[in-house]
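With the hints as extra help, turn the sequences into a complete structure.
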Amino acid sequence: RKEVEQDPGPFNVPEGATVAFNCTYSNSASQSFFWYRQDCRKEPKLLMSVYSSGNEDGRFTAQLNRASQYISLLIRDSKLSDSATYLCVVNTNNNDMRFGAGTRLTVKP
Amino acid sequence: NAGVTQTPKFRVLKTGQSMTLLCAQDMNHEYMYWYRQDPGMGLRLIHYSVGEGTTAKGEVPDGYNVSRLKKQNFLLGLESAAPSQTSVYFCASSYSRRTGGSYEQYFGPGTRLTVT
Chain A
1491 RKEVEQDPGP
1501 FNVPEGATVA
1511 FNCTYSNSAS
1521 QSFFWYRQDC
1531 RKEPKLLMSV
1541 YSSGNEDGRF
1551 TAQLNRASQY
1561 ISLLIRDSKL
1571 SDSATYLCVV
1581 NTNNNDMRFG
1591 AGTRLTVKP
Chain B
14 NAGVTQTPKF
24 RVLKTGQSMT
34 LLCAQDMNHE
44 YMYWYRQDPG
54 MGLRLIHYSV
64 GEGTTAKGEV
74 PDGYNVSRLK
84 KQNFLLGLES
94 AAPSQTSVYF
104 CASSYSRRTG
114 GSYEQYFGPG
124 TRLTVT
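Going down the list, the sequences are from chains A and B.
Per the working numbering, residue 1491 is the first one in the first sequence, and the count goes up by one each step.
Per the working numbering, residue 14 is the first one in the second sequence, and the count goes up by one each step.
Below 16 Å or equal to it, Euclidean Cα-Cα: the simulated EDC-like pairs (lysine to aspartate or glutamate) are: (1) A/Lys1598 to A/Glu1505; (2) A/Lys1598 to A/Asp1567; (3) A/Lys1535 to A/Asp1572; (4) A/Lys1492 to B/Glu72; (5) A/Lys1569 to A/Asp1547; (6) B/Lys83 to B/Glu65; (7) A/Lys1569 to A/Glu1505; (8) B/Lys84 to B/Glu43; (9) B/Lys84 to B/Asp39; (10) A/Lys1532 to A/Asp1572; (11) B/Lys70 to A/Asp1586; (12) A/Lys1532 to B/Asp51; (13) A/Lys1492 to B/Asp51; (14) B/Lys84 to B/Glu65; (15) A/Lys1535 to B/Glu117.
So the derived label-pair ranges between C-beta atoms look like this: (16) B/Thr127 to A/Lys1532: 14 to 20 Å; (17) A/Glu1493 to B/Thr127: 26 to 32 Å; (18) B/Ala95 to A/Arg1531: 22 to 28 Å; (19) B/Met40 to A/Asp1586: 18 to 24 Å; (20) A/Lys1535 to B/Lys70: 22 to 28 Å; (21) B/Asn78 to A/Ser1542: 35 to 41 Å; (22) B/Ala69 to A/Ser1542: 25 to 31 Å; (23) B/Thr127 to A/Asn1555: 40 to 46 Å; (24) B/Thr67 to A/Arg1549: 37 to 43 Å.
If you only want the chain A side, here are some residues facing chain B, beta carbon under 10 Å, derived: (25) Lys1492; (26) Val1494; (27) Gln1496; (28) Arg1531; (29) Lys1532; (30) Lys1535; (31) Leu1536; (32) Ser1539; (33) Asn1581; (34) Asp1586; (35) Arg1588; (36) Gly1590; (37) Ala1591.
Quick caveat, the hints were computed from the structure, so don't treat them as lab data.
Note that beta-carbon positions come from the ideal geometry of N, C-alpha and C, so glycine has one too.
Below you can see the structure in the form of structure tokens.
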């Protein structure tokens, strides 16, 4: 079983739609959680950290459920520029981060 | 401020050849990392370094060696390349938790390596 699992997609949605991505992790000792965004043939970049209380950044909302070992990312009012692969990232005890394989999103006009 | 840079951007090797990938960062980060990214696998950590002169194995270290002689540079070596090492290699850097910094990792643009 992979340490971090994501639905690979692809998710194809129209502009303006709301889309949600899920991620599960296997190590209950995991301490830090992130969503990264990766554009085609580019490097990953941090989208947002995920806090226990949940957090929001504009159209993006991230939530963490430690009991279920589950992280989510919600994107509201999707834009064409949101098309990318979204990587779920989990850190256990040091800077050894474990990445999910990513969920691909395509937003269409 | 260039951030994290990697050289070369592309490389084709024959089986058995050796090469070194160079990563440089100008953000004074303590930690540096080498990952490989393969389709359907996500990024996997090869080796990492928590400071100048120190290195440690990650998830998939076999067939690779690293060195961190200067804080700003992290080298990844392939002594005898194999087709299984065909991949995209990303270098990253971050502050350490001890300094109260974020875990956010900053990535270089990647090196596309093909081993034939």
